[in-house]
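S.K.: Sequences listed follow chains U and F, in order. Heads up: the first sequence begins at 1 in full-length UniProt numbering, then just goes up one per residue. Heads up: the second sequence begins at 1 in full-length UniProt numbering, then just goes up one per residue.
In short, the hints are calculated from the structure, not lab data.
When the alpha-carbon atoms are kept at most 30 angstroms apart in a straight line, the in silico BS3-like pairs for lysine-lysine are as follows:
1. Lys-71(U) to Lys-24(U)
2. Lys-155(F) to Lys-3(U)
3. Lys-196(U) to Lys-155(F)
2 protein chains.
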Amino acid sequence: MQKERGILIVLSGPSGVGKGTVRKELFSTPDTNYEYSISMTTRQPRVGEVDGVDYFFQTHENFESLIQQGKLLEYASYVGNYYGTPLDYVNETLDSGRDVFLEIEVQGAAQVREKAPNALFIFLAPPSLSALEERLVGRGTETDDVIASRIQAAKQELEMMNLYDYVVENDEVTKACDRINAIVMAEHCRRERVEKRYYRMLEGK
Amino acid sequence: MQKERGILIVLSGPSGVGKGTVRKELFSTPDTNYEYSISMTTRQPRVGEVDGVDYFFQTHENFESLIQQGKLLEYASYVGNYYGTPLDYVNETLDSGRDVFLEIEVQGAAQVREKAPNALFIFLAPPSLSALEERLVGRGTETDDVIASRIQAAKQELEMMNLYDYVVENDEVTKACDRINAIVMAEHCRRERVEKRYYRMLEGK
Numbered sequence: 001m002q003k004e005r006g007i008l009i010v011l012s013g014p015s016g017v018g019k020g021t022v023r024k025e026l027f028s029t030p031d032t033n034y035e036y037s038i039s040m041t042t043r044q045p046r047v048g049e050v051d052g053v054d055y056f057f058q059t060h061e062n063f064e065s066l067i068q069q070g071k072l073l074e075y076a077s078y079v080g081n082y083y084g085t086p087l088d089y090v091n092e093t094l095d096s097g098r099d100v101f102l103e104i105e106v107q108g109a110a111q112v113r114e115k116a117p118n119a120l121f122i123f124l125a126p127p128s129l130s131a132l133e134e135r136l137v138g139r140g141t142e143t144d145d146v147i148a149s150r151i152q153a154a155k156q157e158l159e160m161m162n163l164y165d166y167v168v169e170n171d172e173v174t175k176a177c178d179r180i181n182a183i184v185m186a187e188h189c190r191r192e193r194v195e196k197r198y199y200r201m202l203e204g205k
Numbered sequence: 001m002q003k004e005r006g007i008l009i010v011l012s013g014p015s016g017v018g019k020g021t022v023r024k025e026l027f028s029t030p031d032t033n034y035e036y037s038i039s040m041t042t043r044q045p046r047v048g049e050v051d052g053v054d055y056f057f058q059t060h061e062n063f064e065s066l067i068q069q070g071k072l073l074e075y076a077s078y079v080g081n082y083y084g085t086p087l088d089y090v091n092e093t094l095d096s097g098r099d100v101f102l103e104i105e106v107q108g109a110a111q112v113r114e115k116a117p118n119a120l121f122i123f124l125a126p127p128s129l130s131a132l133e134e135r136l137v138g139r140g141t142e143t144d145d146v147i148a149s150r151i152q153a154a155k156q157e158l159e160m161m162n163l164y165d166y167v168v169e170n171d172e173v174t175k176a177c178d179r180i181n182a183i184v185m186a187e188h189c190r191r192e193r194v195e196k197r198y199y200r201m202l203e204g205k
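This is chain U alone, in the form it adopts within the complex (with noise of 0.2 angstroms):
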């Protein structure tokens, strides 16, 4: 009988916005069920940086080699090094029925949306958009140029949204953690998602 296949979660947001802090928050709990896609980088490791732990380290030649085999789900180039998620890891990890948790750039997630549509996106979202809530409810304490800006940048985090399944607010680490868990749990339960996996068993697959 077939494994029901698990979901490759992506987390990404605006730079800044605190991924790294929510998702090393997520993985120190121990009953966290995902399984975290180790990135791989030309970068040089930093002291302390284990290869495998903290990363795959690869030279520059291997790298663009794997870019050419298409054995990577996303990658992108920073300040002349390359970072981008191992294909064949996602893959084998997903068939053997567990989570995947990404924790990428949002123009990496662009190109997961193109490659595995299904996966479950989530924008983790600076709380700038409800302080400006607050802000323009209140009594106007700010300058109308400064409201003007922040408008302005509220619209562009808007934009970004829109290739997004769902919107976490980073108010506080903890919370924005017990949202990413519920997501994951609520997506388990979707009917499409349990109604697949018995018919499958009344086939007898």
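Could you slot chain F onto chain U? The hints should help.
M.R.: Relative to the frame of chain U, chain F by itself:
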């Protein structure tokens, strides 16, 4: 500024699955954020039942007049008595920004689906499907007839699920409650919902 409308949560499932027990457990925790929609009925109050707490008790004439005025979100008749959900209460509570929780029979849920397609439909499933899965996987300790009739029952259950967004297995009441709470929390993070709120804010509404 307009408040975000609450979510209408509909819990239903086959009779005998334990909907009432799960609902009571959900509302026994002090931090439950949903408003329970008390049903209206024409049956006589039982000893200890309080009008406005257990049910809104109504005469047959009143109930039928409410049906004719379209004042019920859903209703059904059992053993000569009517049971239904008052529409005004539901709408007023949702408008005030609070989530409303309905625990109703599958026939009623089908009526809500037509009148409130944006509601969140959760199907509470007996653990029979998973139990069946285990039996099919394990050694054949059941006769073919028993298995065949269970497969038949499972298929009927799967057909009932079709109108629902989520399926929650009632293997353990507290686990079922955790899943329901996770589904509602996730629903509040859905991008369409969050985005709408922010766009409305930016338009100053």
